[in-house]
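K.L.:
Given next are the chains, with one letter for each unit.
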Amino acid sequence: MIIRGDEPDQVRLIRKLYKPGNYFMQGNEAVAYGAIFAGCRFYAGYPITPSSEIAETMARELPKLGGYYLQMEDEIGSIAAMIGASWTGFKVMTATAGPGFSLMQENLGYAVMTETPLVLVDVQRSGPSTGQATKGAQGDFFQARWGTHGDHPIVAVSPTSGQDAFWETIRAFNISERLRTPVVVLFDGVLAHTREQIKIPDIEEVEIAYRKLPRNEEEAKLPFGDPHGDGVPPMPLFGHGYFTHVTGSTHKENGLRDVYTPDVHERLVRRIHRKIEKNREVYEKYEEHFTEDAEILIVSWGVTARPALGAVLKAREEGINVGLFVPKTVHPFPAERMRELAKKARAILVAEMNLGQMIIEVERYVNDDVLLKGVNKIGGVPLTVEEILREIRGVA
Amino acid sequence: MAKKIYSTYPMVKYLRKEALPTALCPGCGGGTVLNAFANAIDQLKLDPRDLVVVSGIGCSAWIASPYFLADTLHTTHGRAIAFATGVKVGLPDKKVVVISGDGDLASIGGNHLLHAARRNIDMTVILVNNFIYGMTGGQVAPTTPFGAKTTTSPYRNIEHPLQISETVAAAGASYVARWTTAHVYQLIESIKKALQVKGFSLVEVISQCPVQYGRRNRMKEPAEMLRWFLKNSVPVSKAKNMSPEELEGKFIIGEIINRQRPEFTEELNKLIDEVQEHFGLKGE
Ligand SMILES: Cc1ncc(C[n+]2csc(CCOP(=O)(O)OP(=O)(O)O)c2C)c(N)n1
Ligand code: SF4
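Chains as they are written, first to last, in the numbering used here: chain Y, 20 to 415; chain B, 125 to 408.
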C-alpha cells in the first residue's frame, strides 16, 4: 500500500521541475506549489474568484508529476470526488471561495465523520452572497468552524503571506494526514493575488507526513477503532481486499452503521473530538512579536497580521509597549497562550477584515477588566498600518 | 430461523453477514436488485476485491452498502457518482459500481449523473426507480407518474416524470438499459454487460415500493406492482413505432444505447503520459 506522491521517483521529478530558489509569484501559486511539495496528486475543483489560479496551476503542473486534475460540475462534486480519491490513497486538495465553501459544507462534515484526510483551501472573499466577488475578506472564520452541522471538531490554518502560504499548505497536509481529518486553509483574496518573492526550497528540506496505514489484517478490520490510543485509527485504503465499509452515518469501530445505540454515537463523536483535542502539538501554532512586555496586545490573523506588525513596529518607535499575537492555526484556537497573554495586557485590539469574528473567540479568554476592542474593516480593501496604528495610539 | 435462510442462499457469500437481515421492507424490489447484482458478479466470476460499491442516501442506497461484501462507500444524498468519480480515478483497474435510488441519483444528484455520462467515466450505475422517496416516507419524486398520489401530492401529481435512461443516453453514456424487477434474467444480463462496458453504463431498474408507493396507488401487494410492470412494459424495438400518446404510462424496457466512446480515466492517463513525454519527465 502506498500513499500516492510518495513514490521514490517523485523526488527526481520535483527536483527537475522546480529548482530551489527565489520566484516572483502569486499567493495562489504558492499554495499550489506547497500542495505539490506536500505530495498532493489529486485535485478536484470548480472555478471561483479569487481562487482560480490554484486550480489553473494544479491543472498545468499535476500531469507532469503523474497527478490528476479534475474539473467537476460544481463544488459539491469536487469535495465528493476528493473524498473518494482520498480513500484510494491520494493526498487530495481543492480550493474555493465563500459561495463554493458554503456548497462544500455537507461533505466537509462527511469527511470529519469518516475521518478522511483532505485539504480545503478557502480563499476568502467579500460577502455575504456574491458580495464583492473579486475582493478579499476574512469573513469565513466561523464558516470554517461551524459551517457544517452537528458537534464536530475542525482544524483550520491561516497563512499571513505568500511565502507563508507555501509552508502553511504543506503543514495543512501534514496535520490532515497525521490526524486523519480534513483541514481548512483560510487564505484570502488579497494575498491570493499579491505577487511577491517566494523561496522554493529543495524537496529534502520539506517535512512530509503520511497517514497511518493498518499494520495487519486485524487493524484493517477496525477502520474506526483506536488501536494506538491516540484517537487516530489507521486507514485501510480501498482496493486492498479489506472490504471496508465507510458511511457518514454513526458507525461502530468496524464501520457498520448503528444509529440507534446512544453509546455508539457517543464513542465515535467523542473520540473524533478527543483526537483533535489531545493532539494539540500536531497543529497548534502561533507567532508572537514583542509580547514579553506588552501592555497593549494586538491579536490578528491572516492577511491583516502584516499591517498589524507594521503598526506594532511604528508604535514601538513611539515608545508604546505593544505586542502582536498571530494564531496560525485558528481552529482550535490557541486558548492557553491567549489566556496567558491576556493576563498581562491592559488593552487588546483584534484586527481583522470583517465586522468582528475572531474577537468573539478572543473574548472567551479575556477577563472583564481588560479593554477589548475590534479594529475592523470591510469593503475589500485591507487594513493599513496607519489605521491600526491610530487605534493603538487611541488606547495607549 | 434467519440463520437457516442465509445458509441455503447461494449468494450469501457476497453479503456482509453481520449486517443482515436487511432493513428493506418485505416485498421491496430492493431485494431483487441485490440478488440480481450478486448473480451478475457470480456469473462473471468477478472477485469482490476488485469492486468498489458506492451509494447515496435512501432505501435503495442500502442495497449494496452495507450489504454487499466489498469496499463500500455510503455517501451523502445525491453525491454517490461524484464520490465514485474520485474512487475510479484512484483505482482505474477496479470495477466501480453505484447503486442508489431515483431520488438520490436523478433529483438531488441529477447534475452528477449527467456529467458522469458526458465524461463517459468507466462506472456502472444501477438506478433503482421506485417512483417515490421511500426512505423519507413516500413523497413525490422526479419519477412519480403524472396523476399518481404521494404524501406530498395527496390530490394528484401534476409534474411530468423524468425519462432517466433516455436522458442519460443523450448525455453521452456508453451503455444504457432499463428493466423492471419482473424481468430478473434480462436484468442480470444487462448488469453483466454494463459491468463489462468500458465507459459510463446505467441500468435503470423499475422497482416496487409497495409500502410507500403501492399502498397509495391501489397496489398494496408487491405482486400487484409486478403485474403492473409486466402489463405496461414495452420493448424498445416496439416502442420505436409508437406515438408519445401510446407510450404514456408505459415502461420502455431493453437496451436504450450500446456504443463505444473514449473513456475518461483512460484519456486522463493518456494525457498524463503525453505531458510527461513532452516535458521529458519519463523515468530512466
Ligand atoms: C441533503 C439531504 N436532503 C434530504 C435528505 C433526506 N432524504 C433521505 S433519503 C431521501 C430520498 C431517497 O429517495 P430515493 O433515492 O428515491 O430512494 P428510496 O428511498 O426511494 O429507495 C431523502 C430526500 C438527506 N438525507 N440529505
Ligand atoms: S419504503 Fe419502499 S423502497 Fe423503502 S424499503 Fe420499504 S418498500 Fe423498499
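Do not take every clue at face value.
As the list claims (entries may be wrong) - So the derived label-pair ranges between C-beta atoms look like this: (1) 405/Y <-> 386/B: 56 to 64 Å; (2) 170/Y <-> 369/B: 27 to 35 Å; (3) 306/Y <-> 407/B: 53 to 61 Å; (4) 370/B <-> 260/Y: 37 to 45 Å; (5) 146/B <-> 170/Y: 28 to 36 Å; (6) 168/Y <-> 386/B: 19 to 27 Å; (7) 407/B <-> 234/Y: 43 to 51 Å; (8) 234/Y <-> 137/B: 38 to 46 Å; (9) 169/Y <-> 136/B: 13 to 21 Å; (10) 386/B <-> 149/Y: 30 to 38 Å.
If you're looking for bench data, these hints aren't it; they were derived computationally from the structure.
Each residue gets a CB set at the ideal place from its N, CA and C atoms; glycine is no exception.
K.L.:
Now tell me if each hint is right for this structure.
P.N.:
Going through the hints against the structure:
1. 405/Y <-> 386/B: 56 to 64 Å: Since the Cβ atoms of residue 405/Y and residue 386/B sit about 59 Å apart, the hinted range of 56 to 64 Å holds.
2. 170/Y <-> 369/B: 27 to 35 Å: violated, 55 Å
3. 306/Y <-> 407/B: 53 to 61 Å: With Cβ atoms ~41 Å apart, the hint is violated.
4. 370/B <-> 260/Y: 37 to 45 Å: violated, 51 Å
5. 146/B <-> 170/Y: 28 to 36 Å: holds, 30 Å
6. 168/Y <-> 386/B: 19 to 27 Å: Violated, since residue 168/Y and residue 386/B (Cβ atoms, about 40 Å apart) do not stay within the stated range.
7. 407/B <-> 234/Y: 43 to 51 Å: violated, 30 Å
8. 234/Y <-> 137/B: 38 to 46 Å: Given range 38 to 46 Å: violated, Cβ gap about 28 Å.
9. 169/Y <-> 136/B: 13 to 21 Å: For residue 136/B against residue 169/Y, whose Cβ atoms are near 36 Å apart, the range 13 to 21 Å is violated.
10. 386/B <-> 149/Y: 30 to 38 Å: holds, 37 Å
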